[in-house]
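Undergrad: In the working numbering, the protein residues as written are 1 to 251.
Derived by calculation from the structure, the hints in this document are not laboratory data.
Since this is a predicted model, take the numbers as computed values, not measurements.
Accuracy of the hints is not assured; some may be wrong.
Unchecked claim - The list that follows gives simulated cross-link-like pairs (lysine-lysine, DSBU-like), each with its CA atoms no further than 30 Å apart:
1) K13 - K86
2) K13 - K118
3) K86 - K118
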Amino acid sequence: VGNEGGRIPGHDKIAVDIPAGATPEALRATAVSLTQQDLDTVGTIQGFQVLGGFTLTLQRATPAQPQDVDGDGAADGDTPNVELFKPARATFTLSPQQSALGNPMIVVELLDQTPYGKIVRLANQIERPIPARATTTTIDRSVLPLDGVTHEGRYLLLAADAPIAFATGILRIGTTLLPGTRITANNLGVAELTRVDGIYNIPVLAAPAAPFTLTPRHTSTGEGAPYTHGSAPAPRAVGRVDFALVPQPPR
Numbered sequence: 001v002g003n004e005g006g007r008i009p010g011h012d013k014i015a016v017d018i019p020a021g022a023t024p025e026a027l028r029a030t031a032v033s034l035t036q037q038d039l040d041t042v043g044t045i046q047g048f049q050v051l052g053g054f055t056l057t058l059q060r061a062t063p064a065q066p067q068d069v070d071g072d073g074a075a076d077g078d079t080p081n082v083e084l085f086k087p088a089r090a091t092f093t094l095s096p097q098q099s100a101l102g103n104p105m106i107v108v109e110l111l112d113q114t115p116y117g118k119i120v121r122l123a124n125q126i127e128r129p130i131p132a133r134a135t136t137t138t139i140d141r142s143v144l145p146l147d148g149v150t151h152e153g154r155y156l157l158l159a160a161d162a163p164i165a166f167a168t169g170i171l172r173i174g175t176t177l178l179p180g181t182r183i184t185a186n187n188l189g190v191a192e193l194t195r196v197d198g199i200y201n202i203p204v205l206a207a208p209a210a211p212f213t214l215t216p217r218h219t220s221t222g223e224g225a226p227y228t229h230g231s232a233p234a235p236r237a238v239g240r241v242d243f244a245l246v247p248q249p250p251r
């Protein structure tokens, strides 16, 4: 797949399309559906049903050279990872039982190695062009600045057990942006790891549930005081919630 984009060879349950302009170099890419054994290994995710998933691989057709970090003419850095400039579109084929589900679906990424252990992180929302298809939506980063499917990894399709909405915003400590912070939402197993600019995106319970609570945790401060929103959002709504990590005294 090159700059013109195209469909990645995959399995009959998943199709992944790279848009034009997503990569300036030729890539060897594959998308392989996760087996039931793979999904069983993932385990349960609170508040969601796991419907399927895939592993995406992205490799340069021409291997990149390691970086010269200190400028001495010798390669001494890691080979840069492949990352798409534009998110790929993933389309899942649903079983008849899955097609009958009415609650929102999302795509999440499995982050196996973080300072907080394994994290299941929101990657994209889902639309249903027909009942038997679930497709990642076009991302509007001015509304919900998600990464989408942009790099190698394992991705899951989840169906919510109850109505959900989405919270997005910036996390600070005092007046300082706070990257690398885990944020969790009450009663949901999809968490978040804040970006370098402190931005986060996370699914939350929607009305008629009670107002949602977000709890931040940073390696330098430990768990911050929970933040509880003033009201429960409408189902599928996206709400801006900027808040601060307030360290708690040792217990």
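Undergrad: Hint by hint, say whether it matches the structure.
TA: Hints, verified against the model:
Simply put, K13 and K86 have alpha-carbon atoms about 23 Å apart, close enough for the 30 Å limit, and the pair holds. For the suggested pair K13 and K118, the alpha carbons sit about 26 Å apart, so the restraint of at most 30 Å is met. For the hint linking K86 to K118, the alpha-carbon distance of about 26 Å falls within 30 Å, and the restraint holds.
Checked against the numbered hints above, the structure breaks none of them.
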